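**Student:** Read off the chains here:
Number of protein chains: 2
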Amino acid sequence: MPELRQDPATQEWVIVATERARRPEDFVRGARPQPAPERAGLCPFCPGNEALTPPETLAYRRDGQVNGPGWWVRAVPNRYPALVPEGSQDRTEDVRLFRRMDGLGQHEVLIESPDHRGTFCLFDDKQVEEVLLAYRERYLELSKQRWARLIIVFRNQGVTAGTSLSHPHSQIIATPVVPINLRRKHELAVRYYDSAGRCLYCDIVAQELNVGRRIILQTEDFVAFHPFASRFPFETWIAPLRLQASFALITVDEAKRLAKVLKTVLAKLYYGLNDPDYNFVIHTAPVGDEHKEYYLWHLQIVPRLTTPAGFEMGSGIFITTSLPEDTAEFMRGVRVDAGPREQAAA
Amino acid sequence: MPELRQDPATQEWVIVATERARRPEDFVRGARPQPAPERAGLCPFCPGNEALTPPETLAYRRDGQVNGPGWWVRAVPNRYPALVPEGSQDRTEDVRLFRRMDGLGQHEVLIESPDHRGTFCLFDDKQVEEVLLAYRERYLELSKQRWARLIIVFRNQGVTAGTSLSHPHSQIIATPVVPINLRRKHELAVRYYDSAGRCLYCDIVAQELNVGRRIILQTEDFVAFHPFASRFPFETWIAPLRLQASFALITVDEAKRLAKVLKTVLAKLYYGLNDPDYNFVIHTAPVGDEHKEYYLWHLQIVPRLTTPAGFEMGSGIFITTSLPEDTAEFMRGVRVDAGPREQAAA
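For the protein sequence lines, the chains are G and L, in the order given. To convert, note that position 166 of the first sequence is 166 in the working numbering; the numbers rise steadily by one, no gaps. Numbering-wise, the working numbering comes out as the position in the second sequence, counting from 1, plus 1000.
To be clear, the hints were calculated from the coordinates, so they are not data collected in a lab. Note that the structure is predicted; figures quoted are calculated from it, not measured. Watch out, some of these pointers could steer you wrong.
Unchecked claim - Label-pair distances were calculated between CB atoms; the ranges are: (1) G:A51 to L:D1289: 57 to 63 Å; (2) G:S164 to L:R1335: 28 to 34 Å; (3) L:E1220 to G:A196: 53 to 59 Å; (4) L:R1191 to G:D94: 22 to 28 Å; (5) L:R1213 to G:V66: 43 to 49 Å; (6) G:R96 to L:P1069: 53 to 59 Å; (7) L:L1042 to G:D124: 50 to 56 Å; (8) G:E93 to L:D1063: 54 to 60 Å; (9) L:E1093 to G:N67: 37 to 43 Å; (10) G:Q89 to L:R1335: 24 to 30 Å.
Said to hold, decoys possible - Over the 10 Å line for every Cβ pair with chain G, so calculated as not near, a few chain L residues: (11) T1057; (12) W1147; (13) D1203.
Heads up, the beta-carbon is just placed ideally off N, CA and C, and yes, glycines get one too.
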């Protein structure tokens, strides 16, 4: 069973996932795992191969049997989970200062399409919308677990962003702890709320809209921008324009419109930067705090363009090499209605 | 001039280094900077090419002229600095919530050897010792700057660890702010000190020694171990055995013995994992706190073996795939008195 350990110096938690353990020898260079080859026939996420995954926790299909083909979105437990839905919530200190608990939680893969070679940002609007609604459905289900404290939805695109399987998929991890860095972000937000009487994150979004120069696009419900203090070049936030602490509160109509925004932003990266690897993650309130007025969920996209190194590790200060004003301007100029060839010619 | 920006949500600072700026177009895949080719004749860090660097701030040489050859360790300002020693310490908020200040500070390169093809962990003991003493000397000098708040010494080894030049070198960055995450670590340490009456970090080291299973090696003054809650496989800490808040307080004799420990640990990684890329960084007290009793400086080594991805980004929780007990055992078993071929045969 995996294990959670709390760093006594920072109070941050670490997962020791022994079920996905590698032996020390496996880290010898050359023996490192390579990206899965494109053998669609053996891909565990492809239709027809449903038996290669644990039983599904969600599937959108019109016809067909549970754990059979016919789905267009499907969620399954990760075969190599970081956390598993068994074990105790008790925290123990067998040795003083070294606190641990069982690796209790859930780790799911959300297969975004039956199409092995699909590209998320080039999906139909409808398909992205279904993926977002599946995120919400799994959030709501996982948040009912007695141990669930935080539910993280994320997507790793490309080998340098940490993907090992190329079939389009997202991941969802439900944790039994609230990470200290999230607590601290929320402490600051609460303090601001108690002082200003408003949501800090809403005020940040409002100021970004005032300034305007870092905005990529704005719709009725959402805004996408490169934040003032971006840590990474082309780091992008997508945030709702009305107070909503948790992604789980998104309506079907909002999901529809968010799908368009998300697709557009990712397609701008795809065409503008020639299909960079990236991660995205949905920052949302902890379980039970969905209706708080001091926080705003947001989706953060980080293309893997730079390599944080020793300085970032030592200081927590990130060095970025572009002004977000400039990258936002670049993004605004990228057309997504034309293919890459038309882009290059433009 | 570079700029520092404070994230209004986390109070973390970001450096926008406009002097090393790349245009957005430069991030297009294929156009990314490649590692510098091995043309030793043009390497700005090689002896004879001193004119290719800004004037030196330190050099250990017996004979020869300032900014000429004859040195065995040399420090120079980085030609593409993240921070520069000019500008104001004033913080301004032209737009409410968006606080900025000038990118005041200093960014130096410490050239560790005249030998372009040298490998740090295979240097003579004496050479590593001289490098450590040069770190200390530059620390002491930089800490005299009125604006200096934190001095970070770090080393990036290999392209995946963020190096762009292969000639052996470390870097030193002096910042005009104390990062919030360091403040928070220190707040926890102060609280522990006020409660237990002892240094938290010293107690952590003592507990690691009690447990023993994660220790790599121990000498009269130092211990090297894989911490209980390691964030990365093979993450290694080297810490002094007596209370010392700042690396700047290290004596010449201690530097001599630290050199041996550092070389041995890095050589174990080199032979054991076949020369992995890595970062190391010296965590030390902020300027002015060198004599505090609640902190212990330590050197952290992180080989680049895994790829933190969306989950880590969203949660601050790192997933590691090895028990530090196992990796420490592996490290203890790696012989460094034999070459790699002998290792493989053993």
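**Student:** Indicate, hint by hint, whether the structure satisfies it.
**Tutor:** Here is what the structure says about each hint:
1. For the hinted restraint 57 to 63 Å between A51 (chain G) and D1289 (chain L), the CB-CB distance of approximately 60 Å keeps it satisfied.
2. For the pair S164 (chain G) and R1335 (chain L), the beta carbons lie near 33 Å from each other, so the given range of 28 to 34 Å is met.
3. The beta-carbon spacing between E1220 (chain L) and A196 (chain G), approximately 55 Å, falls within the hinted interval of 53 to 59 Å.
4. Hint check: R1191 (chain L) to D94 (chain G), Cβ distance near 23 Å, so the stated range 22 to 28 Å holds.
5. Taking the beta carbon of each, R1213 (chain L) and V66 (chain G) are about 46 Å apart, inside 43 to 49 Å as hinted.
6. For the pair R96 (chain G) and P1069 (chain L), the beta carbons lie near 55 Å from each other, so the given range of 53 to 59 Å is met.
7. The hint said 50 to 56 Å for the Cβ distance between L1042 (chain L) and D124 (chain G), and at roughly 52 Å that hint holds.
8. For the pair E93 (chain G) and D1063 (chain L), the beta carbons lie near 59 Å from each other, so the given range of 54 to 60 Å is met.
9. The beta-carbon spacing between E1093 (chain L) and N67 (chain G), approximately 56 Å, falls outside the hinted interval of 37 to 43 Å.
10. Judged by the Cβ atoms, the range 24 to 30 Å given for Q89 (chain G) and R1335 (chain L) is violated: they are separated by roughly 44 Å.
11. Listed as outside the interface, T1057 (chain L) is consistent with that label: its C-beta sits roughly 18 Å from the nearest C-beta of chain G, beyond the 10 Å cut-off.
12. Listed as a non-interface residue, W1147 (chain L) keeps its Cβ farther than 10 Å from every Cβ of chain G; the least gap is roughly 15 Å.
13. Listed as a non-interface residue, D1203 (chain L) fails to keep its Cβ farther than 10 Å from every Cβ of chain G; the least gap is roughly 6 Å.
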